[in-house]
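*Asks:* For the protein sequence lines, the chains are Y and A, in the order given. So in our numbering, the last one in the first sequence is 65, and the numbering has no gaps at all. So in our numbering, the last one in the second sequence is 260, and the numbering has no gaps at all.
Incorrect hints may appear among the rest.
Claimed, not checked - Lysine to aspartate or glutamate pairs mimicking DMTMM-like chemistry, simulated, CA-CA at most 25 Å apart:
no.	chain 1	residue 1	chain 2	residue 2
1	A	Lys113	Y	Asp21
2	A	Lys128	Y	Asp49
3	A	Lys128	A	Glu76
4	A	Lys128	A	Glu231
5	A	Lys113	Y	Asp17
6	A	Lys143	A	Asp105
7	Y	Lys62	A	Glu202
8	A	Lys216	Y	Asp39
9	A	Lys128	A	Glu142
10	A	Lys128	Y	Asp21
11	A	Lys113	A	Glu231
12	Y	Lys62	A	Asp109
13	A	Lys216	Y	Asp49
14	A	Lys113	A	Asp206
15	A	Lys128	A	Asp105
16	A	Lys143	Y	Asp58
17	A	Lys113	Y	Asp39
18	A	Lys143	A	Glu186
19	A	Lys143	Y	Glu59
20	A	Lys128	A	Asp104
21	A	Lys113	Y	Asp48
22	A	Lys128	A	Glu202
23	A	Lys113	Y	Glu52
24	Y	Lys62	A	Glu186
25	A	Lys113	A	Asp185
26	A	Lys143	A	Asp116
27	A	Lys143	Y	Asp49
28	Y	Lys62	A	Asp185
29	A	Lys143	Y	Asp21
30	A	Lys216	A	Asp206
31	A	Lys216	Y	Asp48
32	A	Lys216	A	Glu202
33	A	Lys128	A	Asp74
34	A	Lys128	A	Glu81
Think of the hints as simulated: they come from the structure by calculation, not from any bench.
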Amino acid sequence: MIEQRDPTGRGSESRDDAAIDEARLRQQAIGVKLRQMFDQVVGEPVPDDFLEILRRADERAKGGS
Amino acid sequence: MANGTASTDDEAFRQELVALIPHLRAFARTLCGDATAADDLAQDAMLKAWDARASYQMGTNMKAWTFMILRNQFYSEKRRSWRQSQLDQEAAERTLMAVDDPEAPVALDELRMALRTLPDEQREALILVGAGGFAYEEAADICGCAVGTVKSRVSRARRALHAALEAGDYDRDGSPAGEAMGAILAAADRLSGAR
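Please model the entire structure based on the sequences and the hints provided.
*Replies:* Structure follows, in structure tokens:
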């Protein structure tokens, strides 16, 4: 059983690894911003018209039954 | 006990639906980019969900169900009229004003515009999985397509978004290439508190 890869011998691979890490970091950053964009709206107070529209629909349902 | 069961169900449904409104708004906003059009869309979806409450089974995934209603609404409206291939500057400004964090707008606005360069199906898949918290399987149910299709759409969306941000390849002038990605990286670093 021969260990093919020297765990400490990074050498020529290090540049590729760094590039992959960088790409991953950038993808993560986009992911974080995307969630932030979404969560920001989730965190906004709901405009009154939403509840008003629903209330009217609710009343129609009660009145109709 | 049989008396009033319908209205008790309605009330439970209503409460669950109200709790989902912020999520419907967020999905609509990220899907169509314009804050005003998004709220119209979210309201339509909410009302459609309410009208269809008899066909909803309590205890199943109401969030996924309402998201499905919303995206179907989005596509049918888009087919009918406001096909907006060009970025509407006024809409972009309205959307910008909805942002509170003084440092976030730059990066968020860039991301918002880059998102709009994606094909609808890719944007939708990425939002559902990347921000909405849905599993690939759930997103597939919402979009009415295969799980593998969602996976490939998400990965294509991620690559395209990254490329668009790196290149500044979207409809915005005066912004040097690469600046958008820099802003996003800086903002993300601040959020995660270094890496």
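*Asks:* Does each hint hold? Answer for all of them.
*Replies:* Results for each hint:
1. A:Lys113 to Y:Asp21: Roughly 45 Å separates the two Cα atoms, so the pair is violated.
2. A:Lys128 to Y:Asp49: holds, 21 Å
3. A:Lys128 to A:Glu76: holds, 17 Å
4. A:Lys128 to A:Glu231: violated, 34 Å
5. A:Lys113 to Y:Asp17: violated, 50 Å
6. A:Lys143 to A:Asp105: holds, 13 Å
7. Y:Lys62 to A:Glu202: With Cα atoms ~37 Å apart, Y:Lys62 and A:Glu202 exceed 25 Å; violated.
8. A:Lys216 to Y:Asp39: Holds: A:Lys216 and Y:Asp39 sit about 22 Å apart, inside 25 Å.
9. A:Lys128 to A:Glu142: Holds - the C-alpha atoms of A:Glu142 and A:Lys128 are around 21 Å apart, at most 25 Å.
10. A:Lys128 to Y:Asp21: violated, 35 Å
11. A:Lys113 to A:Glu231: violated, 40 Å
12. Y:Lys62 to A:Asp109: Measuring from Cα to Cα gives roughly 20 Å; hence the hint holds.
13. A:Lys216 to Y:Asp49: violated, 36 Å
14. A:Lys113 to A:Asp206: holds, 18 Å
15. A:Lys128 to A:Asp105: holds, 18 Å
16. A:Lys143 to Y:Asp58: Answer violated: A:Lys143 to Y:Asp58 is near 28 Å, above 25 Å.
17. A:Lys113 to Y:Asp39: holds, 24 Å
18. A:Lys143 to A:Glu186: Status holds; Cα separation ~13 Å.
19. A:Lys143 to Y:Glu59: violated, 31 Å
20. A:Lys128 to A:Asp104: Holds, at roughly 17 Å.
21. A:Lys113 to Y:Asp48: With a Cα-Cα distance of about 18 Å, the restraint between A:Lys113 and Y:Asp48 holds, given a limit of 25 Å.
22. A:Lys128 to A:Glu202: Given that 25 Å is the threshold and the Cα spacing comes to 14 Å, the pair holds.
23. A:Lys113 to Y:Glu52: holds, 15 Å
24. Y:Lys62 to A:Glu186: violated, 39 Å
25. A:Lys113 to A:Asp185: Distance ~22 Å between A:Lys113 and A:Asp185 Cα, so the pair holds.
26. A:Lys143 to A:Asp116: holds, 22 Å
27. A:Lys143 to Y:Asp49: With a Cα-Cα distance of about 23 Å, the restraint between A:Lys143 and Y:Asp49 holds, given a limit of 25 Å.
28. Y:Lys62 to A:Asp185: It is violated: about 38 Å lies between the C-alpha atoms, which goes past 25 Å.
29. A:Lys143 to Y:Asp21: violated, 39 Å
30. A:Lys216 to A:Asp206: holds, 13 Å
31. A:Lys216 to Y:Asp48: Given that 25 Å is the threshold and the Cα spacing comes to 37 Å, the pair is violated.
32. A:Lys216 to A:Glu202: It holds: about 9 Å lies between the C-alpha atoms, which stays within 25 Å.
33. A:Lys128 to A:Asp74: Measuring from Cα to Cα gives roughly 17 Å; hence the hint holds.
34. A:Lys128 to A:Glu81: Measuring from Cα to Cα gives roughly 9 Å; hence the hint holds.
When the structure is compared with the earlier hints, violations turn up for hints 1, 4, 5, 7, 10, 11, 13, 16, 19, 24, 28, 29 and 31 and for no others.
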